[in-house]
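Undergrad: Take a look at the letters that make up each chain.
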Amino acid sequence: MGDALRFEGRRVAVEPGDTVASALYRAGVRTFTRSLKYHRRRGLFCMTGDCPNCSLNVDGDPGVRACTTDARDGQVVLRESGWPSAEHDLLHMTDRLRRFLPVGFYSKTFIRPRFVWGLAERVIRRATGVGRLPAGRAAGAKPARAVHVDLLVVGGGVAGLAAAAEAGAAGSRVMLVEERRLGATVWDARAVARIEALAQEATAAGVRILERHTAVGVYEGPFVPVVGPDEVLHIEAARVIAATGAVEAHAVFPGNDLPGVFLSRGAALLGVRHGVRPGRRAVVVATTDEGRTSAEALRSTGVEVLIHDGPVIAAEGSGRVRAVIIETPSGRERITCDTLVLSLGWAPRDALLRMGTDQEVAGAGEVVIPGCSLEEAEASGRRAANGRGEAASDVPTVPLASDGYVCLCEDVSLHDLEQAWDEGWRSSEILKRYTTATMGPCQGAVCGRPLAAFAGARADAVATAGARTTARPPARPIPLEDLAAGVDESIEQRTSLHDRHLELGARTERSGSWSRPTTFGDIEQEISAVRHRAGLLDVGTLGKFLVAGRDAAELMDRVFPVRVRDLAPGRSRYLVALDGAGYVMDDGLLAALDRGRFYLCSTSGGAPAMEAWLRDWIDRWDLHVHLLDQTAQLGAILLAGPNARTILERLTGDDVSAGALPHMRHAEITVADVPCRALRVGFVGEVGFELHHDRSRGPELYDALLEAGRPEGAQPFGLGALDTLRLEKGHLYLGQDTLPDDHPAKLGLQWAVAMDKPGFVGKPALERMRALPLERTMVGLRIDGEPRRGIPLLAGDRVVGRVTSSARSEAAGGTIALGWIRAVDGAFPTELFAGGSRTTVVPTPFYDPEGARVHA
Amino acid sequence: MPELTRAPIGVVTASAEAGALDLLLVPGRAFACRVADDELLLLCAPPVTDEVAREVATRLAALDPDALVIDTTDGWVAVSIAGDDARVSFGLLSRLELPVAGFLQGEVVHVPAKVVAGDDGVLILVPSIWQAHLHDRAAKAFGHTGPLEARPWAVPTS
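Protein chains in written order, with the working numbering: chain W, 2 to 857; chain Y, 136 to 293.
Next comes chain Y alone, as it looks inside the complex (with noise of 0.2 Å):
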């Protein structure tokens, strides 16, 4: 069974014009997930979820002054899939079919999810008030007791 582990993450929401969401220069600590048009995920450690939030505001208030960057971290909980199996398992949870690497969105555990998939493993992120479902249902597909380890998440290059 893969590890499964909470991954404490900090995540800056970016609504903006198509275009200039196009344009915006990523910060290197920061992962971006296209969610909509007109609007990105940022993730990244949580200690630099405030600056990454003010480089964003300050880069794209160049592009769109109505842009709208607002640090959502509380509104995300996510959990950590590593190891050999760690795609397989993901199976359990859900329908999506992973990619090599990247981001996609879908169902996972039949609610709505941000999916992060990468060379060391599998990230799920689902709005905050499903914490206890996610877990709950993550440790029961892997067979894991007790409460979740939390780890820190390698933010990959975008």
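This is chain W alone, in the form it adopts within the complex (with noise of 0.2 Å):
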């Protein structure tokens, strides 16, 4: 028994070189898919991948086009529209209910009440049958690899070919990507062999040739995505070569997409290379040369053949051609028959050529001379090579008949057009968007010139009604999972202790671009381990630079409003970043180094922001600076708690007394054999050691600060408890607490900003603000209910602020918040209502108001 694919539980015989389109209909197939809102018989038409008549399931795979997929033994294929079947669907009726059905019926209808769109779209999609997405099949991504040419050739046909053979002659580097095998969508043996003849030359040239490989798009650069059958490449061209072909002209008439209706290269395709005859008796009615080749082609595969050149009136039929009338010398004329051929002009496959308009992309072969013999062709595809590619030819449409689909993807028809027309949709762009014509899946390959031909034609056209509508990638329909190919879903930044956290169990959470712990089980034990013990924080994720060179004070102290000139080595600062308008970017700390050099701490997430930031300032000022980021080689271990020091005296020989290392002082340490920047900071209110460390000796530090914090009852903490813990402090979180424009009075931070500096960066911003009522304002507040973050502040009924955070706080004795209000009649209300909760503004810190604890 020979090759066989299953086509709806029946065995359908393969032949060699079949497609799937060519096995179906050998077998009896004609009706290839239901249309998409009417459900009218579909059959094939283009045999080349440019219509949509033949998109089938293929091996669980919707949208196929059967035309240009190999048939295989032992696939399995389906049609995916019509209820209950392809063959006999009641979906159909919806032709016969057209006119309540009318163009942007959905844009119309199911308004009110607004849950029934809802219902109505699924019912919608489910009826247009384009199939569905194999649920519960992990997307296969493919990988993407880039590659670097000279010339990159789009279309392995006799232009193509002999482009790419004449460049690589030349010693270019040389690709070729073909969406089919070469020569499979050519009926002339003539064309496949020069076909043959050219792929040999340009293979001796050097030249790369890639079968069914599909370029999606022309992006600058040139760039051009092309899938693969295993992979997408990201092609960079220094030229590209589109050589992409024409598929025949779609002509519009009643009847037009019935099965039995081909273009004359299909036809010729399907009889001649496939040994299927398309019908018994065919109507073809060329206006080409071609077209009456093809016919001749045609009648030698036994096919009854009358060739016409007059206008189609009509193609008559119920479920596929069984009349046509035509236009002749003598009036019109009705002809019984099965099959009618087309060959009436061409259109150019331009979408990659229109993208890739100003940039190194020409035409070459029949996508810029439209039905050019081989030997022009040929000629034309080394010209482009040699850089003197032709300019696109102006093609004439096919005249517009009386009625007849216009756009097969969308089922949009010349009716549909006018009414459309009438509505006040008058250019080509907004008939597109409102009928959906040329949004399919061809992309406009079969419509897009009759729809710019309708709305260039209307006599109340402006001149640019019926220009066509832009080309936009992809040119061809691809898989949605290939666009996914080469995207890295999740970029994490990670701190040296990232693998000990999970050891310790730690639920780690995306904090910006870095992942952080959240917890180590409970966010209570580790605030109360803080506050009556000693906890860790892995605080590598901080911004971290050093500032040196002979201008490294004048920068500090020209870009910053805190006071630098009196900060002597071993001292450190808080500080805050103004951009030019005087609001605030983003806070660190600041510590003094000898030599005249600093380290600056940012936040975790503004670090990138930071060091572009001080590089512009130090560009703008031509200043003498070296700025080096070490956020990413150093990490920071922070240990805080009232038995920190304690801690920390175990494993280093250095003084780390509230005596010799104060609060806001710094020093350089040894902690267990790890030389560490030992910071005295305060975020979360107890006394506080940043450990700043080589990143590579992370672990170590970590490990024996954990070993020797045992006996005292240290233990992680993650950023669950941070937040607590600083907000019961009053400190800010700046992006969660504050808006893009607060500026240091509406946060409380007044006390950051030296006003009576000779100048910083957004000082004369904030002098011009000094002279303004405050509108906004930071405040702490005491909420006689359960912590909601994000909910709003009411004075009364109005509305007059948020809450930013808020949690429940064993040491502050109740829910805490942080929250910005408004003023209303010139002064800030005190109380207030939040989520239905009595909440009180009240003054921060929330806990140890003195900060003798931090001072400790």
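These are calculated hints, taken from the structure and not from any lab test. Please read these numbers as outputs of a predicted model, since none were measured by experiment. Check the hints yourself; a few may be wrong.
[Stated by the list, open to error] Part of the chain Y face toward chain W, derived, beta carbon under 10 Å: (1) 151; (2) 186; (3) 203; (4) 212; (5) 224; (6) 227; (7) 229; (8) 238; (9) 245; (10) 261; (11) 264; (12) 266; (13) 272.
Every residue gets a Cβ at the ideal spot worked out from N, C-alpha and C, and that includes glycine.
Put the two chains together into one complex, using the hints given.
TA: Structure below.
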């Protein structure tokens, strides 16, 4: 028994060279799909992958073009549209109800009540029958590989191969991509032979030929993504030659979508290459030499052929073509037939060419000289390779008849376009958006020109109404999963302690681009450990910069509002970074080192912006400053809590007493044999030592601190505990608690701004704003209820602000929060409601307001 | 598929006036990557990193007294791709076009990277915060399973 595929449960024999479409057609299948809206029967039409008529489900993949898919033994093929089946489709009644389903009906109906659209959308989607994505099957994202070439040729016909061979022989790195096998969509033996000869010439010239590779689009570069069977190529080419050929023109007349209507190349391909007669009696309407030649070829396959050149008035039939009405010199003639073959001109496949306008993208062959001979195509390819590509020809469109389908993908008829025009959609671009013509899988390859011709021919059209709609990727339909090729959906930054955290049972979360521990088990316990014993927090994510050079102090002084000139080595200061408008961009710590150097710490998320910002000022002021981002190089561990010093003293011979290393001082010390810069800080409101160290030493330092801290009840803590600990101290999280237009006064940070300095970034803006009343301010809140972040704050029935941070605090004895409030009648309200709970404005910090614990 | 290995490497960062860096005589044991007008990365074998840093600091001090020379080895992580198809396979990780030999910088596995191309392969350095990302993505691209073996990188002559 020979090869066979399974089609809806039955066996269909496969001959050598068959496509899925040719095998099915040989087996008697005539209806391949049902149309999107009206469920009209659709059969083979172009046979070159340009139209949507043969989209089937092949081996579980929906929307596969049967005409360009090689048939294989064991393939499982299904039709996807139609209910209960494509052959007997009850939904075809929508074709009888067309007047109730006008163009754009879904934009006009099911609007109220609003929930109806949710239901209607589901029904409409199911009814369209465009196939379902294979649920339950993981997307098999292909790898993406970048390739650099001097010349990329898209299209493996005569022109493309000639161009590639010519450029390859001249020494260029050339790649040629062809969406099928070379010559697979050509019926003419002479053309096939020429393609084979040119392929040999190109290969000998070093050209890399990739079959079954589809160019998706042309982006700036030119950059061309190409989808292959196993990978997606990201091709950066110095030049691109689009030798994508042409499809025969789509004619619009009543019955133009009936099964049995073919483009002549498709009919000849089916008859000559695949040995399957498209019908018994064919009317060939040809206005081209090629059409007449292919008619003769068709005749040689045993089809009775009647050749005409008159316009087609209509095709008749129910389910397939039964007769054709032709305009002849002697009047209209009705001819009985089962096949109508059309060769009325060309529609160049120029989407890539149009995407590459103003780039090094040229056309060759039929895409610029539609209908050209083999010799002309070859010469055109060689000219393009030598930099003498042709301009695209102006192609006449086939005159539109009285009705018929313009867009086969979206079921848009001439009548629909007329109705849309009358409703005021009066250019091809907005007709496209309203009717969705050209927005289906063919992306306008078939219908783009008829749409433009329709708009351009209207008597009341403006000059640009008939312009072709913009060509955008994808030029050919590709599986959605291929769009994901090479995408790294998650790029995570990790500190050197990441694996340790996981070993300790941490639950991690994304904090900006960092992976950080939320908790190691119990947030309340972690808070308690920090408040009563000691806790360890990985703060290696902080931005860390070394600032050196003879102008380092000047840079710091001019950039930041903090006082810098009197900052002696060994001392640190909190700083805010302001932009030119005086708004707070970031905050951090500035530590003065010896030799006029500084160590600057920014927030974890603010490091890249801080570096870019400082470099900008260095350049702008032409300062002699060396800035080194040490964020990746250095790790940092915060050891905080009343027992922190005791633990540290166990691991260091350096003096870390309150006298030697008080709050907001720093020193170079050695902890457990690890050289560290110890910074005394107090973000969590307890004695705190931030130990900055070489990243590679992080795990051993962390282990040593945990071990030494065990007798003192120390434990690691995460962002969950940190959120409450810092809130109890009234410390802000920039970005969470602040808004982009917050200046220091709104945040209660005036104390961090030395307005008496001669100048700093943002000072002029702050001076101007100082004269204005404060319309909004950040306040501490006590809430008689559960903590809820983000809820509005009400004064009476007026919304006056929002809660930005909130937590239940044992140390503060209730629910505390930070939030911003607006002034009401010139004063800030103090009695509020948040989520129905009485809320009172209170001073911050909520915990240890004198700061005695931090300074211990 | 190419051979993918970890490449332990010493990195020294030198920040100085552009003119000073232009005149700097790079120690023979190091490969110099000019990452900016005023910044140079010197790649070397880990055991000689201190020596290279000292030598560069001494030489640069004479050219720019404010020059900053720091051992930044911990800030970087490197992998090496070797084998006949190393250069083609690099395309699975980056859209950068490799030179015949030498240094370039840009995106690799979607993070900023330094790349050194040579006859015997390609070295990729990224900030160490992306160590896991680089290893995971490179291993996935090349079908490598298990931990990456460490192999010394042969420092090319600058």
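Undergrad: Hint by hint, note whether the structure agrees.
TA: Going through the hints against the structure:
| no. | hint | verdict |
| --- | --- | --- |
| 1 | 151 | 7 Å, holds |
| 2 | 186 | 18 Å, violated |
| 3 | 203 | 4 Å, holds |
| 4 | 212 | 9 Å, holds |
| 5 | 224 | 8 Å, holds |
| 6 | 227 | 5 Å, holds |
| 7 | 229 | 6 Å, holds |
| 8 | 238 | 17 Å, violated |
| 9 | 245 | 5 Å, holds |
| 10 | 261 | 9 Å, holds |
| 11 | 264 | 4 Å, holds |
| 12 | 266 | 7 Å, holds |
| 13 | 272 | 6 Å, holds |
Comparing the model with each numbered hint stated earlier shows that hints 2 and 8 do not hold.
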